[in-house]
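A.B. asks: The hints should help you fit chain B onto chain A, whose structure is shown.
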Amino acid sequence: MQRVLVNAYSEAADRQNLEQRVQRAVLQKVIEAEATVPFYRWFYARHDLRPDRLESIAEFRERVPTVTKADIVHFQRTTGALNYDSRSRQLHLTSGTSGAGQEQHVRTQGDLAALGTGGAYEFLWAGLKPGDRVMLTMPYSQTMAGPYFQAACEAAGVVPINGFAATTEDRLAQLYRFECHGLVLTPSHLHRLTQVSQESGRRPSVDLASLHAIFLSGEPYGLEWAASMSHYWGARLYEGWGATQTLGVAMATCEAGSIKTGASGNLGRGVLHGLDHRCLIEILDPQTGRPVADGDTGEIVVTTFRTSGMPSIRFRMGDQVRRLADSTCDCGRPLSCYEAGTIGRLDDMIKVRGMNVWPSAVDEVVLSAAVADYTGRVFTDENGRESVELSVEPRAPVPDQAGFANELSAAVRKRIGVSVQVKLLEPRSLQEVQFKARRWRDDRVVLR
Amino acid sequence: VTIQQELQALRVHANRLCKLASEMQDAPLLARFAERIEALVDEAAWEGGVDPHEEVQPRPKLDHVGIAVRDLGEAANLFGELLGGRLVAGGTNDAQNIRTLHFAFAHGGKVELLQPLGTGPLERYLAKRGEGLHHITVLVDDLAETLRRLEAARYEVVGEQMYASGWREAYVSPAVANGCLVQVVQAGPWYGHERADVTVEAVLDDRWEWVGQVPRRRGSTS
Chain A
1250 MQRVLVNAYS
1260 EAADRQNLEQ
1270 RVQRAVLQKV
1280 IEAEATVPFY
1290 RWFYARHDLR
1300 PDRLESIAEF
1310 RERVPTVTKA
1320 DIVHFQRTTG
1330 ALNYDSRSRQ
1340 LHLTSGTSGA
1350 GQEQHVRTQG
1360 DLAALGTGGA
1370 YEFLWAGLKP
1380 GDRVMLTMPY
1390 SQTMAGPYFQ
1400 AACEAAGVVP
1410 INGFAATTED
1420 RLAQLYRFEC
1430 HGLVLTPSHL
1440 HRLTQVSQES
1450 GRRPSVDLAS
1460 LHAIFLSGEP
1470 YGLEWAASMS
1480 HYWGARLYEG
1490 WGATQTLGVA
1500 MATCEAGSIK
1510 TGASGNLGRG
1520 VLHGLDHRCL
1530 IEILDPQTGR
1540 PVADGDTGEI
1550 VVTTFRTSGM
1560 PSIRFRMGDQ
1570 VRRLADSTCD
1580 CGRPLSCYEA
1590 GTIGRLDDMI
1600 KVRGMNVWPS
1610 AVDEVVLSAA
1620 VADYTGRVFT
1630 DENGRESVEL
1640 SVEPRAPVPD
1650 QAGFANELSA
1660 AVRKRIGVSV
1670 QVKLLEPRSL
1680 QEVQFKARRW
1690 RDDRVVLR
Chain B
40 VTIQQELQAL
50 RVHANRLCKL
60 ASEMQDAPLL
70 ARFAERIEAL
80 VDEAAWEGGV
90 DPHEEVQPRP
100 KLDHVGIAVR
110 DLGEAANLFG
120 ELLGGRLVAG
130 GTNDAQNIRT
140 LHFAFAHGGK
150 VELLQPLGTG
160 PLERYLAKRG
170 EGLHHITVLV
180 DDLAETLRRL
190 EAARYEVVGE
200 QMYASGWREA
210 YVSPAVANGC
220 LVQVVQAGPW
230 YGHERADVTV
240 EAVLDDRWEW
250 VGQVPRRRGS
260 TS
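These protein sequence lines are chains A and B, in that order. When the first sequence is numbered by the working numbering, its final residue is 1697 and no position is left out of the sequence of numbers. When the second sequence is numbered by the working numbering, its final residue is 261 and no position is left out of the sequence of numbers.
Just chain A, with the same shape it has in the complex (with noise of 0.2 angstroms):
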């Protein structure tokens, strides 16, 4: 396959130069965070360090002090300082429903020059050029996905579509009246919406000959499911990842896309690549904090560059990847590479419909009520969509079932802002739990 060289600067470099470059821009991130970020002010003082005497990457790797979502929420509860001033252009909201709240991210003009150029690279790699036409379903809020998407296109140079208000079905009907060159969605969408399109009788492979890129992102997926995504479209899947806190794409794929089929036929996982002159991404064992060995699956921890409002530095993502040597691509690029397809939560968090959903947040509400014990299921129903279905024991016989069901449903969507289905069980039909609860299972269809 041919190398799509997007940005030679960053891609043909030699490893060391590029080393030399993310050393300079990590030790001056640090010293800037301290000087203009009220939150690392804060945290760096109580952490004793004095970015000023890192000298190596190395010193930044020992002495710099991991940072996690709760540190930040905490600080911006506590202190009300926001990095509010005159340099502000945006806030982005991280979408969490955990209870661990939302921390903002203050965005300056310089952060909204590079909201895009990750996913450019995510775009461009995978082949799009100049006024091509690409579908975005990730909706527009304060969570930023679906403008970090617009941006990437922009940033790219190509046409977005935005479907993100349209029904399933407007979005396919768009799709081949825009005759679009690629799509962005979740695996689960692309469930459904390949659903929808089977049941129109449309065959996208034969008459959506325009559609080639299919860019996933937010969940893993099972490998013969991806497969026969790409068969059913007749478009390649790429993917890309990244979040609020890197300030849209840090990993993409290249031209090779996210599954590979081998000579015989067998299918392999892709390669996410690090945009390591934007971003130093770490990946450390969460219980020691080391970095895990080339094969090994830990925590994402992120420092990134071009980022000033809000920097992240040593951000622990509590996202989970598996590290691959760095010359695990054939394309050949100096970039550090990772498992494609595979990447999930730290702790356990699910992801339904777009909502990142905390079975603990679901535990405060269900086991708050007369209730035993639960377990609870995310499957893709009939229609292919994602739902939620909670398995109930009540305490004692319960004489309104009806009332007592909807009445716990509509609790747990307050607060988690999904629907679920909730099932009744008779009296001491689970079984009881001897050791740490793993009362959720996940059926999807997009994970075989």
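Please keep in mind that the hints were generated in silico from the structure rather than gathered at the bench. Check before you lean on any hint, since a few could be wrong.
[As the list claims (entries may be wrong)] With a cut-off of at most 20 angstroms between alpha-carbon atoms, the simulated SDA-like pairs for lysine to any residue come out as follows:
#, chain 1, residue 1, chain 2, residue 2
1, B, K58, A, R1336
2, B, K58, A, D1568
3, A, K1318, A, Q1391
4, A, K1509, A, S1479
5, B, K100, B, T185
6, A, K1318, A, P1583
Since we're looking at a predicted model, the values are computed, not measured.
C.D. replies: Only chain B this time, still in chain A's reference frame:
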């Protein structure tokens, strides 16, 4: 001029534009445009591999002294071999019919040796005055502002020109500048970058030309 040099030059200009616009009380919209331009240029420079922390030399600065010589090779031996100057640039300026070599010394001193290749102003200068100091060059941030100050003080300024590369220059006549021709220049930071591959022999052999105030290998575009 490489794309990195252009981007670095743009960063400096965009930064200046931003400062100017933000100082205006009655044009906040222009200030926002300037801010967006600066942010976009900065992002492009980052992607182009420009180190944003590379210091731009403070100005005004005495950049170099120009010395008119009859034998460039002999003068190069004196300022390079014997006095320890480091060759940083050079080439033949076909338009002005001269050949030049730039030798840098520690802490910023620089000498430009100029030899005429035929008829022209430099050849006439040598015929009239003989070898010696031809000009001094002062780099400034804002040529227009410098010229305003000079003219307000009744110094005659001549030869004001702007080139496509962004190089702007003007001269203060020796008649009013203590007998010395003073070249006042505004240039982007691309100017003055050292070219390690230029050699005295290659310049004397006419393998380098001097275009837009930078050396360029004959037959190449960079």
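A.B. asks: Can you give the numbers of the hints that this structure goes against, from lowest to highest?
C.D. replies: 2, 6
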